[in-house]
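Letter by letter, the chains look like this.
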Amino acid sequence: MSKEKKVIIIPCSGVGKSFGTVSRMAAYQVTEDDRPATTQLVPLALLVLGDEEARETVENNPVVVIDGCQLACAKKMVLESGGTVSKEMAVLDFYRQNRELKPQGISQLNEGGKKLASVIAAAVDLVVDELTEEGGKNG
Amino acid sequence: MADRLQKKVGIVTCSGEELAEGTVSRLAALKVLEKLRPDDTVTICLPLFLAGGEGDRAFAKFYPTITIDGCDKRCAYRGTQKYSNTPAASIVITDLAAEQALGEIEGKSDLNAAGLTAVDLAAEQAAGQVDELLGKHWSRREGAFTQTNPKDEDSHEVTATCSCGSGIPVQLFEIDGRKFEIVALPLLFKTFSGQRKAPSDDTLKEIIAEVRIYNVIEPENETALIDKIDQAYQDYWKDNESKHEQN
Amino acid sequence: MTEYLETQVDKFTFKVEKDRFYTTFGVWALLYGGTARIGLSDYLQQTSGDIAFADIQPAGTVLGTGEACASIETIKVDLEILSPLAGKILRVNPSLEMTPEVINEDPYGQGWLCEIEPSDWENDLANLLAPEAYFEIMKNQAEEELKKK
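Chains as they are written, first to last, in this note's numbering: chain W, 1 to 139; chain B, 1001 to 1247; chain F, 2001 to 2149.
Watch out, some of these pointers could steer you wrong.
Okay, the calculated beta carbon distance ranges per label pair [to be verified]:
| id | chain 1 | residue 1 | chain 2 | residue 2 | range |
| --- | --- | --- | --- | --- | --- |
| 1 | B | Lys1205 | F | Asp2106 | 40 to 46 Å |
| 2 | B | Asp1120 | F | Pro2058 | 49 to 55 Å |
| 3 | B | Glu1218 | F | Pro2058 | 54 to 60 Å |
| 4 | B | Asp1120 | W | Gly105 | 53 to 59 Å |
Taking lysine-lysine and the DSS-like style, the derived pairs with C-alpha atoms no more than 25 Å apart in a straight line are [unchecked claim]:
| id | chain 1 | residue 1 | chain 2 | residue 2 |
| --- | --- | --- | --- | --- |
| 5 | B | Lys1035 | W | Lys114 |
| 6 | B | Lys1190 | F | Lys2076 |
| 7 | F | Lys2139 | B | Lys1035 |
| 8 | F | Lys2076 | W | Lys102 |
| 9 | W | Lys102 | B | Lys1031 |
Don't read these hints as lab results, they were simulated from the structure.
Every residue, glycine too, gets a C-beta built ideally from N, C-alpha and C.
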């Protein structure tokens, strides 16, 4: 990956269920704490509404989506906007593997939800590292 | 007629992740939905609104909608206007913060004091707008207020819910192998039936006028669709005949 | 798969398979040979939401009619599933451990919960609903839910 390229992280941020908040929290952890140099957050709505900068960013960089539920809005909209999804993360899949971390609350996430977000963030970090390494090899 | 369908206000937030103001917009919307006006409001995830089908996008055709945006890109406002209907009211957090001299809002995942104040102010403003909208007559056709009507006192006590579970009914018809989705038709039938408007040419005209508020009917399908709607209402009336007799 | 009854409430379509019997809650039972398979109706799975976990009582468990045979956790609710018939669980759907979402995807087919050897099918059948009867009840339930919104 060239120096300018980053891995784009797009959460669904749905407001209907706690899983949407988990997706958002995971995205923040990756882009602000874990991998700030190699990632960038692009808001989904900007992308869909045709913001030029958002579209170019998505077209020219690998994208990781974090979807809260099976409706998979983030994945759907990235594809419809002409982007490619390098990796799709589903909060529900992570919850299935971490049953003790049941998320609750939408505006205020419980401890289980915060920990689940961290688990997802850690997985996204690994994907980011792979994608940036691959990009580095490919130039 | 539209009054009886208009019992709630839709709240759409941008939830933008790039700015702390996006977090403010999300939390303000949730405060209105969960605490301040839970019985009077409903929301839809902006992603679902943008990515969803006609039933999801009919959201703002059906409910007068307040959008809460983090910044002047106004994604929630533009998205609602583009895909559904002009919002009845709008709040932009950056504008609100400037007007109230709140200072820099920071902390996308953990808001600072200015951000938390902005949440409260935006939520209060939105709650006031909800009260106003429920006291006014919002014309979906015109996307504007037309006249003042008394607030409907006969409201059911329900908890605000996300519209991906949806309060917007649709009815499907099949014509020549093609499927047509008519938004709000089941509720229109219920309303007309509740007003004891038996099937007739006049009733059909009124129903179709209401249908056109929520749906586009293309000329080439018009006759067939109207026939289907006519038959469907006759069936509905017959199925509910016992209720009419009791009343 | 045989025919089904279908209705639309709100923006959702709900189907009821005509070849099986139902409880008012929405659990179905399908007898073939001497074994009954049970599962969730389309309405029940749709209204419950995406399934996160499905815990079924193990094979060998002997149940009375109306005893809990499964716990289902969705992203919205926790459901206790009561057996529509008495008997012994012979087999649990092996897919449910890794892919419980199959209940959402194919509630009348691949999303079955378990197979039971009935101990008194005729008696239990008398207390179950024919598909047409369940269809009417299900429509009323759906319309009541809509009124709440």
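Hints, one by one, checked against the model:
no., hint, result
1, Lys1205/B with Asp2106/F: 40 to 46 Å, "holds, 44 Å"
2, Asp1120/B with Pro2058/F: 49 to 55 Å, "holds, 52 Å"
3, Glu1218/B with Pro2058/F: 54 to 60 Å, "holds, 57 Å"
4, Asp1120/B with Gly105/W: 53 to 59 Å, "violated, 18 Å"
5, Lys1035/B with Lys114/W, "holds, 22 Å"
6, Lys1190/B with Lys2076/F, "violated, 29 Å"
7, Lys2139/F with Lys1035/B, "violated, 32 Å"
8, Lys2076/F with Lys102/W, "holds, 11 Å"
9, Lys102/W with Lys1031/B, "holds, 22 Å"
Going through the hint list in order, the structure does not satisfy hints 4, 6, 7.
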